[in-house]
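Number of protein chains: 2
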Amino acid sequence: MSDIIVQKYGGSSVANPEKIMNVAKRVTSYKMKGCDLVVVVSASGDTTDELIELAHKITDDPPEREMDMLISTGEQASVALLAMAIDKLGFEAISFTGAQVGIITDSSYTKAKILDINTKRILEELRKGKIVIVAGFQGVNLNHDITTLGRGGSDMTGVAIAKVLNAKMCEIYTDVEGVYTADPRIVPNAKKLNRISYDEMLEMASLGAKVMQARSIECAKKFNIKIHVRSSFNNREGTIISEEVDSMENIVVSGVTLNKEEAKLTICDVPDKPGLAAKIFKKLSLANINIDMIIQNISRTRCTDISFTVLKEDLKKTLKVTKKIVREIGAKEVIEDQDIAKVSIVGVGMKSHSGIAAKMFEALASKNINIEMISTSEIKISCVIKKRFAEDAVRAIHDKFKLYKVRTIKE
Amino acid sequence: MSDIIVQKYGGSSVANPEKIMNVAKRVTSYKMKGCDLVVVVSASGDTTDELIELAHKITDDPPEREMDMLISTGEQASVALLAMAIDKLGFEAISFTGAQVGIITDSSYTKAKILDINTKRILEELRKGKIVIVAGFQGVNLNHDITTLGRGGSDMTGVAIAKVLNAKMCEIYTDVEGVYTADPRIVPNAKKLNRISYDEMLEMASLGAKVMQARSIECAKKFNIKIHVRSSFNNREGTIISEEVDSMENIVVSGVTLNKEEAKLTICDVPDKPGLAAKIFKKLSLANINIDMIIQNISRTRCTDISFTVLKEDLKKTLKVTKKIVREIGAKEVIEDQDIAKVSIVGVGMKSHSGIAAKMFEALASKNINIEMISTSEIKISCVIKKRFAEDAVRAIHDKFKLYKVRTIKE
Numbered sequence: 009m010s011d012i013i014v015q016k017y018g019g020s021s022v023a024n025p026e027k028i029m030n031v032a033k034r035v036t037s038y039k040m041k042g043c044d045l046v047v048v049v050s051a052s053g054d055t056t057d058e059l060i061e062l063a064h065k066i067t068d069d070p071p072e073r074e075m076d077m078l079i080s081t082g083e084q085a086s087v088a089l090l091a092m093a094i095d096k097l098g099f100e101a102i103s104f105t106g107a108q109v110g111i112i113t114d115s116s117y118t119k120a121k122i123l124d125i126n127t128k129r130i131l132e133e134l135r136k137g138k139i140v141i142v143a144g145f146q147g148v149n150l151n152h153d154i155t156t157l158g159r160g161g162s163d164m165t166g167v168a169i170a171k172v173l174n175a176k177m178c179e180i181y182t183d184v185e186g187v188y189t190a191d192p193r194i195v196p197n198a199k200k201l202n203r204i205s206y207d208e209m210l211e212m213a214s215l216g217a218k219v220m221q222a223r224s225i226e227c228a229k230k231f232n233i234k235i236h237v238r239s240s241f242n243n244r245e246g247t248i249i250s251e252e253v254d255s256m257e258n259i260v261v262s263g264v265t266l267n268k269e270e271a272k273l274t275i276c277d278v279p280d281k282p283g284l285a286a287k288i289f290k291k292l293s294l295a296n297i298n299i300d301m302i303i304q305n306i307s308r309t310r311c312t313d314i315s316f317t318v319l320k321e322d323l324k325k326t327l328k329v330t331k332k333i334v335r336e337i338g339a340k341e342v343i344e345d346q347d348i349a350k351v352s353i354v355g356v357g358m359k360s361h362s363g364i365a366a367k368m369f370e371a372l373a374s375k376n377i378n379i380e381m382i383s384t385s386e387i388k389i390s391c392v393i394k395k396r397f398a399e400d401a402v403r404a405i406h407d408k409f410k411l412y413k414v415r416t417i418k419e
Numbered sequence: 009m010s011d012i013i014v015q016k017y018g019g020s021s022v023a024n025p026e027k028i029m030n031v032a033k034r035v036t037s038y039k040m041k042g043c044d045l046v047v048v049v050s051a052s053g054d055t056t057d058e059l060i061e062l063a064h065k066i067t068d069d070p071p072e073r074e075m076d077m078l079i080s081t082g083e084q085a086s087v088a089l090l091a092m093a094i095d096k097l098g099f100e101a102i103s104f105t106g107a108q109v110g111i112i113t114d115s116s117y118t119k120a121k122i123l124d125i126n127t128k129r130i131l132e133e134l135r136k137g138k139i140v141i142v143a144g145f146q147g148v149n150l151n152h153d154i155t156t157l158g159r160g161g162s163d164m165t166g167v168a169i170a171k172v173l174n175a176k177m178c179e180i181y182t183d184v185e186g187v188y189t190a191d192p193r194i195v196p197n198a199k200k201l202n203r204i205s206y207d208e209m210l211e212m213a214s215l216g217a218k219v220m221q222a223r224s225i226e227c228a229k230k231f232n233i234k235i236h237v238r239s240s241f242n243n244r245e246g247t248i249i250s251e252e253v254d255s256m257e258n259i260v261v262s263g264v265t266l267n268k269e270e271a272k273l274t275i276c277d278v279p280d281k282p283g284l285a286a287k288i289f290k291k292l293s294l295a296n297i298n299i300d301m302i303i304q305n306i307s308r309t310r311c312t313d314i315s316f317t318v319l320k321e322d323l324k325k326t327l328k329v330t331k332k333i334v335r336e337i338g339a340k341e342v343i344e345d346q347d348i349a350k351v352s353i354v355g356v357g358m359k360s361h362s363g364i365a366a367k368m369f370e371a372l373a374s375k376n377i378n379i380e381m382i383s384t385s386e387i388k389i390s391c392v393i394k395k396r397f398a399e400d401a402v403r404a405i406h407d408k409f410k411l412y413k414v415r416t417i418k419e
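Chains as they are written, first to last, in my numbering: chain A, 9 to 419; chain B, 9 to 419.
This is chain A alone, in the form it adopts within the complex:
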């Protein structure tokens, strides 16, 4: 068999019959080059959201098993339509649901994890010369119940299939041309990166750059699967995501990201006793709430303030849990703040360059933007600021690090 290439097309790439035909043309052009192709497809356009809305017209609290049964129909329709389009172009294609190609997951409905993929049927059809089309985002548990992999789960399907088939490349087709130094809608002179490391991409994803699902990047990193993020609307090269190469270190900052999806909570006057912070965050974790940044001020008296950020969609639940904690530990109160934004810079070069944080803070200071929280990792610095300064902050930082200059990284 030839080299196997896995291509994943997102919902915007298959939003209508015309776009589906375009995808079919691209797929068959690769087939003509002699590649064996496995194509993973998402539900078209807003189908998933429409199905969720339909479910909520029936009940506020749909059982998750039934939700997965419902929304998995979106990808099933997409794969069938793409197979028809490829057939029309005179090539042989065959479509499969997650169940049919044995994408076995755990039973965490709406956010299942892939346990195994049975490659038998896929390889059988590839050997017959067919283009294999697989429904993204879905699988089945060991009881044959349909599961879905969570938002962006089709990326996971693509990466997992690339792994089990030992594919040469996993191409992620989307409606942007690759990974940019910043959101081009905010920073018009943002530049496309030709290359980025898994770790940087992971930070980008977790910071709100919605090019690829974070979990699928982790998986690609774990198995060293080369990803090519590119546009389904033209033939330009996009961004390659791979393991770190030496030349990446010359690039100090790869990109600036912005996240407005979080809210800040502050527990005031926490008694300064050992173990209270642990107690607070244990309780929040037990309630399945993901905490992002945590700041604890040095205590001046016998009390201290603890601030943390959570996703806005978890705010209601978090407040409920936190108010209970406040009573239990004898703190004063909890204050919420939804008027925040998080700007971050990401770059593997930070590891070996100093003064990066200072440069970022200078950029913010030059625009008179006050920093409310700071958190850093080896390859990332994040600052929480008032939401109304968000776009200005991104532009100022982008300028400060001269990210508008084209940089090309080679292996």
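Keep in mind the hints are simulated off the structure, nothing from the lab. This one's a predicted model, so the numbers in the text were calculated from it and none came from an experiment. Do not rely on the hints blindly, as some may be mistaken.
Just so you know, same-sequence chains aren't split out, so a pair can sit in one copy or run between any two.
Said to hold, decoys possible - Keeping only pairs whose Cα atoms sit at most 20 Å apart, straight-line, the calculated SDA-like set for lysine to any residue is:
{"no.": "1", "residue 1": "K332", "residue 2": "D313"}
{"no.": "2", "residue 1": "K136", "residue 2": "H152"}
{"no.": "3", "residue 1": "K33", "residue 2": "K65"}
{"no.": "4", "residue 1": "K291", "residue 2": "E336"}
{"no.": "5", "residue 1": "K128", "residue 2": "H152"}
{"no.": "6", "residue 1": "K176", "residue 2": "N232"}
{"no.": "7", "residue 1": "K65", "residue 2": "T55"}
{"no.": "8", "residue 1": "K128", "residue 2": "N149"}
{"no.": "9", "residue 1": "K281", "residue 2": "S315"}
{"no.": "10", "residue 1": "K128", "residue 2": "N376"}
We have chain A already, so just place chain B on it with the hints.
Just chain B now, with coordinates in the frame of chain A:
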């Protein structure tokens, strides 16, 4: 376990969230009476047609395997939504695709036949007290490829499940209140039949009364499964379809039906040689064309005319094949006539009553309606007439046999 009841709800019964909630209420009311319930559901409203239309926007000739992959999503969405609605009412339900409950079919995509149903999972869930919801119209072949059962195939799913579960009754919920002596839109004083035999119902279905799929009635007859056709919009009793009981014989004519879906073709001047009729209809059958009525006039000279009717949707294909036959056998020409309608009367009582045909012809004559073709069976008489007289003919026959009088058949 209690008595099992199978209920099948058609697309109009689950056309929107409100109607789905109504179905959920009806289903749970049966559950409260202590029944074990298996509910078969069609795709909602016009979903199937919309999906077919979508496919045709991509290609005129979609591969049938992919068509089944596409349209089977309609029922999958319905079963999930109904399970959610039942959950909201505080009852436990679980939905299944055809594949998940092991509805095994042959590989005739778009018109597959059920070979077997694995009852294991259904019985398991019924034993847990759950209401089991099964997607109608679909199954899988032995290769796990999704198949569909043809128009009205959800009826077949209902009847087949009733059979394998040895259910007490198979209720077919639809948007009419049962089987009528004639179409109430044509004959305002048409009466609902409280009871009808399988054979009569089969003739009705094949004659164009679209209450139930013909194949599923055959299956019900074969396994003597009692059917109750009734409305999903009220609680009135509908029509029971069962084996013939003695008292049915007192009813000479059960109903009048009308079919405008056929066209008539006449092959003129067929040489009067043995075997030519066989040759003609063999060729048409090889082209997968279903012939309904066939009339051959007694030959006056050495030539004869052969007329037959086919479904209008097969007309184009039939003309093509027939023109070739005309050349081969040395006939003169083929004439088509789309301006026809077929009116029929159906009733098991005909077997033991004479003069029924004459009475029907009198009814037509009284309205000056000319009869073009006649065909009879043991329990049916059909006449082909000009289409413009169709409704008048139905009303005249309905009156002549006094079908407006309520008749009740008891076992």
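If the cut is 20 Å between Cα atoms, do K176 and N232 qualify within a copy, between copies, both or neither?
For K176 and N232, only the intra-copy Cα distance (11 Å) is at most 20 Å; the inter-copy one is 59 Å.
Can you tell me if K128 and N376 fall within 20 Å by alpha carbon in one copy, between copies, both or neither?
neither (61 Å within a copy, 69 Å between copies)
Alpha-carbon proximity between K128 and H152, which holds within one copy, between copies, both or neither at 20 Å:
both (18 Å within a copy, 13 Å between copies)
Status of N149 relative to K128 across identical chains (alpha carbons, at most 20 Å)
both (18 Å within a copy, 17 Å between copies)
Intra/inter-copy verdict for K332 and D313 if alpha-carbon distance must be at most 20 Å:
within (16 Å within a copy, 92 Å between copies)
First find the shortest C-alpha distance between K65 and T55 inside one copy, then the shortest across copies, and answer within, between, both or neither for a cut-off of 20 Å.
both (15 Å within a copy, 18 Å between copies)
Check K281 against S315 for me: Cα-Cα at most 20 Å, and say if that holds within a copy, between copies, both or neither.
Result: close within a single copy only, 17 Å intra versus 99 Å inter.
Can you tell me if K136 and H152 fall within 20 Å by alpha carbon in one copy, between copies, both or neither?
For K136 and H152, the Cα distance is within 20 Å only across copies (18 Å; inside one copy 27 Å).
Go through the copies and call it for K291 and E336: within, between, both or neither, with a Cα cutoff of 20 Å.
Within. Shortest intra-copy distance 11 Å satisfies the 20 Å Cα cut-off; inter-copy 87 Å does not.
Using 20 Å as the alpha carbon limit, work out where K33 and K65 are close: within a copy, between copies, both or neither.
Between copies only: 16 Å across, 38 Å inside.
Violation of the numbered hints given earlier is confined to hint 10; every other hint is satisfied by the structure.
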